[in-house]
Amino acid sequence: MSLTALERLDRRWIFLAVGLLVLGPLLRPLGLPLGTSAPVRQFHDTIAGIPDGSLVLVSCDFDPGGKPELVPMTKTALRQLWEKRCRLVITCLWVGGPGLVGETLESVADEFRAKGRPLEYGKDYVYLGFKAGYEAVMVLMGKGIAGAYPQDQRGNLVSTLPLMRNVRDYSSFVLLVSISAGYPGTKEWVQQVNLRFGLPMVSGCTAVSAPEYYPYLQSGQLSGLLGGMAGAAEYEKIRGEKGTATQGMDAQSLAHAFIALCIVAGNLVQWRKRRAAQS
Amino acid sequence: MKRELPLFLTAVIGLFMLLSFFVPHHLASVPANYLQQCAVIVVAFGYVLGGANALRVNLEGVAKRQLDWPYKLVLVVALVATVVVGLVDGRRWQDAGTTSMFLYNQLYSPMQATMFALLAFFIASAAFRAFRVRTVEAGLLAAAALIVMLGRVPVGDAITGWLPEPVRMSALQEWIMNVPQNAAKRAILMGAAMGVMATGLRVILGIERSYLGGTD
Amino acid sequence: MTTDGGRPRSRVPTLLVLLTRGRALAAVAVLAASAAFAAPAAGAPAPPSPPAAGPAAPAPPAGLTYEDVPDDDGRAVRLRWRRSPDDTAGSALVEGYVLERGTSPVGPWTIVDTVAAGTLERVDQDIRRATPYFYRIAAYGPGGLTPALANAGPAIGRESWFRAPLASVLAFLAVFFLLVLFFMSMAQSGRKPFVRRLPGIDAIEEAIGRATEMGRPVLYVPGIQDIDDVQTVAGLIILESVARLTARYETPIRVPVAYPIPFTIAQEMVKSGYLNAGRPEAYDPDCVTFVSPEQFAYVAKLGGIMLRDRPAAHIFMGSFYAESLLLAETGFSTGAIQVAGTANVHQLPFFVVACDYTLIGEELYAASAYLSGEARLVGGLKGADMLKLLVIGVIVVGCALESFGIHGLSRWMETN
Numbered sequence: 001m002s003l004t005a006l007e008r009l010d011r012r013w014i015f016l017a018v019g020l021l022v023l024g025p026l027l028r029p030l031g032l033p034l035g036t037s038a039p040v041r042q043f044h045d046t047i048a049g050i051p052d053g054s055l056v057l058v059s060c061d062f063d064p065g066g067k068p069e070l071v072p073m074t075k076t077a078l079r080q081l082w083e084k085r086c087r088l089v090i091t092c093l094w095v096g097g098p099g100l101v102g103e104t105l106e107s108v109a110d111e112f113r114a115k116g117r118p119l120e121y122g123k124d125y126v127y128l129g130f131k132a133g134y135e136a137v138m139v140l141m142g143k144g145i146a147g148a149y150p151q152d153q154r155g156n157l158v159s160t161l162p163l164m165r166n167v168r169d170y171s172s173f174v175l176l177v178s179i180s181a182g183y184p185g186t187k188e189w190v191q192q193v194n195l196r197f198g199l200p201m202v203s204g205c206t207a208v209s210a211p212e213y214y215p216y217l218q219s220g221q222l223s224g225l226l227g228g229m230a231g232a233a234e235y236e237k238i239r240g241e242k243g244t245a246t247q248g249m250d251a252q253s254l255a256h257a258f259i260a261l262c263i264v265a266g267n268l269v270q271w272r273k274r275r276a277a278q279s
Numbered sequence: 280m281k282r283e284l285p286l287f288l289t290a291v292i293g294l295f296m297l298l299s300f301f302v303p304h305h306l307a308s309v310p311a312n313y314l315q316q317c318a319v320i321v322v323a324f325g326y327v328l329g330g331a332n333a334l335r336v337n338l339e340g341v342a343k344r345q346l347d348w349p350y351k352l353v354l355v356v357a358l359v360a361t362v363v364v365g366l367v368d369g370r371r372w373q374d375a376g377t378t379s380m381f382l383y384n385q386l387y388s389p390m391q392a393t394m395f396a397l398l399a400f401f402i403a404s405a406a407f408r409a410f411r412v413r414t415v416e417a418g419l420l421a422a423a424a425l426i427v428m429l430g431r432v433p434v435g436d437a438i439t440g441w442l443p444e445p446v447r448m449s450a451l452q453e454w455i456m457n458v459p460q461n462a463a464k465r466a467i468l469m470g471a472a473m474g475v476m477a478t479g480l481r482v483i484l485g486i487e488r489s490y491l492g493g494t495d
Numbered sequence: 496m497t498t499d500g501g502r503p504r505s506r507v508p509t510l511l512v513l514l515t516r517g518r519a520l521a522a523v524a525v526l527a528a529s530a531a532f533a534a535p536a537a538g539a540p541a542p543p544s545p546p547a548a549g550p551a552a553p554a555p556p557a558g559l560t561y562e563d564v565p566d567d568d569g570r571a572v573r574l575r576w577r578r579s580p581d582d583t584a585g586s587a588l589v590e591g592y593v594l595e596r597g598t599s600p601v602g603p604w605t606i607v608d609t610v611a612a613g614t615l616e617r618v619d620q621d622i623r624r625a626t627p628y629f630y631r632i633a634a635y636g637p638g639g640l641t642p643a644l645a646n647a648g649p650a651i652g653r654e655s656w657f658r659a660p661l662a663s664v665l666a667f668l669a670v671f672f673l674l675v676l677f678f679m680s681m682a683q684s685g686r687k688p689f690v691r692r693l694p695g696i697d698a699i700e701e702a703i704g705r706a707t708e709m710g711r712p713v714l715y716v717p718g719i720q721d722i723d724d725v726q727t728v729a730g731l732i733i734l735e736s737v738a739r740l741t742a743r744y745e746t747p748i749r750v751p752v753a754y755p756i757p758f759t760i761a762q763e764m765v766k767s768g769y770l771n772a773g774r775p776e777a778y779d780p781d782c783v784t785f786v787s788p789e790q791f792a793y794v795a796k797l798g799g800i801m802l803r804d805r806p807a808a809h810i811f812m813g814s815f816y817a818e819s820l821l822l823a824e825t826g827f828s829t830g831a832i833q834v835a836g837t838a839n840v841h842q843l844p845f846f847v848v849a850c851d852y853t854l855i856g857e858e859l860y861a862a863s864a865y866l867s868g869e870a871r872l873v874g875g876l877k878g879a880d881m882l883k884l885l886v887i888g889v890i891v892v893g894c895a896l897e898s899f900g901i902h903g904l905s906r907w908m909e910t911n
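Protein chains in written order, with the numbering used here: chain B, 1 to 279; chain C, 280 to 495; chain S, 496 to 911.
Next up, chain B with everything else stripped away, as it sits in the complex (with noise of 0.2 Å):
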C-alpha cells in the first residue's frame, strides 16, 4: 500500500483490521508467552499473606462495561480468597453492577461446591449489593457497616447472618480488594477508607486507569495492583489457571502491535507530506 493510499485511508478500513486481529486469535489462539510483574505478584503474595479464614472486604465496582478486564481477576481472586478459607463481604457502588457481580460471585461459589466445598452464603460469604452515595457510603461503613446496609443484596437483615455477627466496622477486616472500573473506586477507597481507617488495600483496575493508581502502590497505600486484561492475565499465570484473561492476551497482543503499526504509518504518512511540501 503506498503512503498516498495510507493518506487518503478511510477509517474503516482500520476498523476492520482492528476486528480481525481480534476476532482471530480468539478463534484459533496463540498461545503467546506471558511474564509476570512486580505489581501483580504483589497483589498475589500480599493475599496469600493473610491469615487463613480472615474476614475480608471485596467491593466490586464496575459494569458490563468493565466486565472482559474486570471478571477474570475478580474470579482469580475469590479463588484465592476462598482457597485461603477467608470469609468474604462483598459490596457493589456502582448501579449497572450487582446483578453482574453477583453472577461472578456464584459462579465461583458453585466451583466450589462442585468440588465437594460447600459454601454457604451467610456464614462463608456475605452479598451487601448496591447503595447510592459513593464516598458518602465508604464512610458510613466507617461508622458500621450494619448502619450503612441494614439489609444485603437479597433481602436478609445483616445483623441476622452468622458473618456479619463478627463484623463491625472496618476494623474488622484484615484486607480490603477493590476491583474497580472508574468511579466511585480504587482511589476514593484510597482517600477514604486506607487513609481515614488504615485498612491495607489491594487493587484491581482498568488498563486505563492503572496509571493513575502507581503513585499510591509506591507510597504503600496500596499493597498490589493489577492492570487491566494484562494485570488479571499475569494473576491468573501466578495461580496457574487459565481463564479469559490469558485467553484474551493474544487478541490484545495484536491489537495493541497494530495500533503501534498505526502511529508509525501515520507518522510516514506526515513525514511524506512533509518532504512533498518541502520540494
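These are calculated hints, taken from the structure and not from any lab test. C-beta: ideal position from N, C-alpha, C; glycine also. Hints are supplied without guarantee of correctness; some may be wrong.
Short, incomplete list of chain S residues facing chain C, as computed with Cβ under 10 Å [said to hold, decoys possible]:
| id | residue |
| --- | --- |
| 1 | Ile606 |
| 2 | Pro649 |
| 3 | Ile651 |
| 4 | Ser655 |
| 5 | Ala729 |
| 6 | Ile732 |
| 7 | Tyr754 |
| 8 | Asp779 |
| 9 | Asp781 |
| 10 | Ala795 |
| 11 | Ala817 |
| 12 | Leu859 |
| 13 | Ala861 |
| 14 | Gly868 |
| 15 | Leu876 |
| 16 | Leu904 |
Stretches of chain C that chain B covers, calculated by requiring three or more beta carbons in the stretch to come under 8 Å of a beta carbon on chain B [claimed, not checked]:
| id | region |
| --- | --- |
| 17 | 318 to 324 |
| 18 | 393 to 407 |
| 19 | 410 to 420 |
| 20 | 423 to 432 |
Use these hints to put chains C and S onto chain B, whose structure you have.
Chains C and S in isolation, oriented as in the chain B frame:
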C-alpha cells in the same frame, strides 16, 4: 433572600463539613454524619428525579412529534417496561430466570459492553490520524506510548526477548510507569487538588455565585 | 492500669461471704459472672462451648492494658494483652481470645469480640464516651475456655477537640486560605496579578466565533458526573461564560446533561449568561436537555447530536471517563473544532490526541477566572500558584532532610 439564603447555607454547611474533618468531637461529628447520611438519601432520590425528568422531556417530544420522535417513544416504552419488570420481580430480581435478569443479561450487559468495545476501534483510528510527531515532546510521547503498549503484552517481550532483561520491553515499560509517569501523574494530581480547593473555597465563600442564576 | 498475673482465683470464698451476709442476689450475680459463657452483646459472637473430654484448657493471657484512642470522638478504647503461654507457633491449644466488657468490676459482662490466636490488640469502638468500662480477656481452645484472671479498668473514652495528626494539613490549608484572600484583596484594590494566557481558553472564543460564521450551534458538555464532583462545578461555571459569548454572537448552544441536579444548575447558568450578555429574550430553555446518568447511553445521545445537528464547535469541560475518546473521535469525524478540559488524568491522553486544544488538570479550575476576567477570581488563581511554590519548596527541603536522615518534617506531615 433568594440569593442570600443559598449563599449563607452554602457557607455554613461547607465550613462545618471542613471543620468536621479536623474536629472529632461529637458536637462536630454527629451533625456531620447526619449530613452525610442525608447526602446518601438525596443522591438516591436523584434517580427518581432523573427518571421523572426523562419521561417528561421525551413524552413531550412524542406528543409534539419532534424530530426523531419514534426513538423517544422507544426510550419511554423501555423505561416504563424496565421499571414495571423490576417492581414485579421485587427483591428477588437477581434470581435465575427472572425477567429482570433476562433484560440485564440479554440487553443491558451486551449494549454496555458493545459501546465500551468501540473504544478499541477508535483508539486505532485516533492513533493513525492524530498521533503525529511534530515536536521533540511529541516524539518522546510517541516513543513512550510504543514502549508501554508493546511492553504490557507478550508481543513486547517476544520482540525483545533476545535483549538483556533490564532493557526488554516489559522492563522498560515498568520503569516508564514507575518513574516519569508517576512523577508527572503526582504533579498533575497535586495541581488538580489545589484547583479543587480553590474552587471549593470560592463556592463556600460565595465568591463564585453564578450557579444561583440572575445577574452578578 | 494492669492486672495481676497467675492462675484464676477461686470464687468460692466470695460466694460464701455474699451468702452469709444475706446477699443472695449478689451471689447469684457472681455465679453468673463466673459462668463459662457471658451473655453476648447484641450482634456479638457466642463463645465456644467446652468439649466433654480432650486436651486441657489453655493457660489464660495476662497483662491486659487499656488506653484511650487519641484524636477521636471518645468512643474507642485500645486494649492490649500478653499472649497465653500456650499460644505458640504450632500449638493447637489456643484457638483465640474472648474479650469481654462490663460497666463494673464484677460485671455483668458482655462479649466484645473473639479474636484469633496470636492477636494481641483490639480496639473496642462500641463504647459510650466518658463512661467507665472494665475489661477482661480469656483464652479458648479445643480444651475449653479459661476464665479471665482479673479485669482491667476503668477505661474511659475521651473525645478530642482536634485530630493532631492533621495539624500539617490544617497548616497548609490555613496558608492557602491566607494566600488566596491576600491576592484576592490585592486584585480588588486594583493590582490585578499577571497570569499567562492558556491557548485552550483562548480557543473557546475562537471556537464559538467559528460556529457563528458557519451558522451552526455550539455543543457544550459539562462532564458526565454529578454535582458532587468539583469538576462538574467547574464545568458549569465555565458554561456561564460560554453562554455569555454565544448570547453575544447570537449562536445557538446545546447543553446535554447527565444528571438531574447539574441539569437544573446548567439551565440557571445558561440563563445567567444570556442575562449578563444583555440578551435575556434570546434564551431558549430547551437548549439544556437532560439525557441519562448511564454513561454509554449519554455518549450515544451525544454522538447522535454530533452526527445529526453537526455543531461546529464542541466544548468538553468536566469529568470524563471511558467515553472521552468516543466523543472526541466522533466529534472529529464531523469536522468540528474541539476544546476539552478535564482533571481526570487517565482521559487526558485521549483528549490531547483527538482534540484541538486541551486544558490539563487545574487549568480546568482556572478557566472560569480566565474567562470572566474578574479580579477576585484571578487573584485567587495567584494564591493557588503561591501555594504550589510553597509545596515545591517543602518537597525539595523534605527530600534533602530525608536524604540526611532527618525525619522530623516527614513525620510531622504523616496523617495517620
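Evaluated hints:
Checking S:Ile606 against chain C by beta carbon gives a least distance of about 26 Å; that is not within 10 Å, so the hint is violated. For S:Pro649, the shortest C-beta to C-beta distance to chain C is roughly 20 Å, which exceeds 10 Å, and the interface hint is violated. Residue-level restraint check for S:Ile651 is violated (minimum Cβ-Cβ distance to chain C is 15 Å; threshold 10 Å). With a cut of 10 Å, the hint placing S:Ser655 at the interface with chain C holds, because the nearest CB-to-CB distance is about 5 Å.
Contact between S:Ala729 and chain C, as hinted, is supported at the beta carbon level, the nearest pair being about 6 Å apart and thus within 10 Å. At its closest, the beta carbon of S:Ile732 sits 6 Å from a beta carbon of chain C; the interface hint therefore holds under the 10 Å criterion. Because the closest C-beta pair between S:Tyr754 and chain C is about 7 Å apart, less than 10 Å, the hint holds. Nearest Cβ of chain C to the Cβ of S:Asp779: about 14 Å, over the 10 Å cut. The hint is violated.
For S:Asp781, the suggested interface contact is upheld, since its CB lies about 9 Å from the closest CB of chain C, less than 10 Å. Using the Cβ-Cβ criterion of 10 Å, the hint placing S:Ala795 at the interface with chain C is satisfied: the shortest such distance is roughly 7 Å. The beta carbon of S:Ala817 is positioned within 10 Å of a beta carbon in chain C (closest approach about 6 Å), and the interface hint is therefore held. Hint on S:Leu859 holds. Least Cβ distance to chain C is approximately 7 Å, under the 10 Å limit.
The closest approach between the C-beta of S:Ala861 and any C-beta of chain C is roughly 7 Å, which is under the 10 Å cut-off, so the hint is satisfied. About 12 Å separates the beta-carbon of S:Gly868 from the nearest beta-carbon of chain C, more than 10 Å, and the hint is not met. Taken as an interface hint, S:Leu876 checks out: its beta carbon lies about 7 Å from the nearest beta carbon of chain C, inside 10 Å. Against a cut-off of 10 Å between C-beta atoms, the interface hint on S:Leu904 is violated, since the closest Cβ of chain C lies about 17 Å away.
Here the region 318 to 324 of chain C counts 4 residues with a CB under 8 Å from a CB of chain B, which clears the bar of 3, and the coverage holds. Only residues whose beta carbon comes within less than 8 Å of a beta carbon in chain B count, and the region 393 to 407 of chain C has 9; three or more means the coverage holds. For a cut-off of 8 Å, the count of residues in the region 410 to 420 of chain C with a CB near a CB of chain B stands at 4, and the three-residue condition holds. Counting residues of the region 423 to 432 of chain C whose beta carbon lies closer than 8 Å to any beta carbon of chain B gives 6, which meets the minimum of three for the stated coverage.
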